[in-house]
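> Input sequences plus hints: build the corresponding full structure.
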Amino acid sequence: MRFRKFHAAGNDFLVLAEDPRRLDEGFRRRLCERHTGVGADGLVAIEPAASSGPVPAFAFLYWNADGQPGTFCGNGARVAGWLAYETTQARRLELIAGDGTHPIHILAENPPQIEVGLRLVQAPLPAGEKQWFVHTGSPHLLWEVPLTQLKTFPLATAAPPLRWKKDWDPHGVNVSVFAALGPHQWGLRTYERGVEAETLSCGTACVALAALVAPQQPNPIEIHTPGGLLSVTFREGYYWLRGPVEETFRGEWLARS
3 MRFRKFHAAG NDFLVLAEDP RRLDEGFRRR LCERHTGVGA DGLVAIEPAA SSGPVPAFAF
63 LYWNADGQPG TFCGNGARVA GWLAYETTQA RRLELIAGDG THPIHILAEN PPQIEVGLRL
123 VQAPLPAGEK QWFVHTGSPH LLWEVPLTQL KTFPLATAAP PLRWKKDWDP HGVNVSVFAA
183 LGPHQWGLRT YERGVEAETL SCGTACVALA ALVAPQQPNP IEIHTPGGLL SVTFREGYYW
243 LRGPVEETFR GEWLARS
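Start counting the sequence shown at 3; every next residue gets the next number (this note's numbering).
Worth flagging that the hints you see were computed from the coordinates, not collected in a lab. Among these hints, one or two may not hold up.
[Claimed, not checked] So the derived label-pair ranges between C-beta atoms look like this:
#, residue 1, residue 2, range
1, 121, 24, 24 to 34 Å
2, 251, 100, 25 to 35 Å
3, 166, 131, 12 to 22 Å
4, 151, 55, 19 to 29 Å
5, 156, 93, 36 to 46 Å
6, 50, 238, 33 to 43 Å
7, 37, 154, 21 to 31 Å
8, 130, 110, 34 to 44 Å
9, 49, 156, 39 to 49 Å
10, 132, 228, 17 to 27 Å
Here the structure is a predicted model, which means the values were calculated and not measured. Heads up, the beta-carbon is just placed ideally off N, CA and C, and yes, glycines get one too.
Here you go:
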């Protein structure tokens, strides 16, 4: 089985030549495993869909690294936008996901720069001391920490008890820590559910943070993640997540299962 490997600010994804829906959950999980598989934070697929307007539309399909279908993934959607662009050469597209329709803009091709529009499902709500719950198509718990602790904060041990709490979502939440770096600049680290580990970046977490610290502000804010720089701007009723996409390699899966 042939595959392609992409990353979007370090958040990495597999695109398979075969429809992932035809694979069982365990096989999808094995593909994403870092040591015995290819290694990825998730699987991305698209298929043509009926458009509600003048631009091409595609269904956006996403699976977490645990092999289960995931909620909306902002960085995965930007990879999906590039796949749709390869098919259509259209620089404006729509992705249809479980939480609704998301516009995609191809801003540059070499290297790819892509933005996706998100709307809030739930605006920020207080969830504890220095903690807030935000739903951006995926549920997030944001936790503000001192800047001096951001890089060393023990996210791997501090996040799981919060990740599995059902107070905000029956399937638990993603957990992020953040701190201000300067005017319109923030640092962010995220422990993702479905991966059950820290990822190098999380697009929907970036949008959640923007909705908390700069709600509906037209000026872009820069969000520095371990995987690179992403930006979020509010315009036309959407929070626009912008950043790079890169295809890193192509390969063939040879194992029998």
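> Hints first: check each against the structure and report whether it holds.
Right, here's what the structure says about each hint:
Remark: the range hint 24 to 34 Å for residue 121 to residue 24 is upheld by a beta-carbon distance near 32 Å. About 29 Å separates the C-beta atoms of residue 251 and residue 100, a value consistent with the hinted range of 25 to 35 Å. For residue 166 paired with residue 131, a C-beta distance near 19 Å keeps the hint of 12 to 22 Å intact. The beta-carbon spacing between residue 151 and residue 55, approximately 46 Å, falls outside the hinted interval of 19 to 29 Å.
Separation of residue 156 from residue 93 is about 43 Å and conforms to the stated range, judged on CB atoms against 36 to 46 Å. Taking the beta carbon of each, residue 50 and residue 238 are about 25 Å apart, not inside 33 to 43 Å as hinted. At roughly 26 Å, the beta carbons of residue 37 and residue 154 sit within the given window of 21 to 31 Å. Judged by the Cβ atoms, the range 34 to 44 Å given for residue 130 and residue 110 holds: they are separated by roughly 40 Å.
Hint check: residue 49 to residue 156, Cβ distance near 41 Å, so the stated range 39 to 49 Å holds. Against the hinted window of 17 to 27 Å, the Cβ-Cβ separation of residue 132 and residue 228 comes to about 21 Å, which satisfies the hint.
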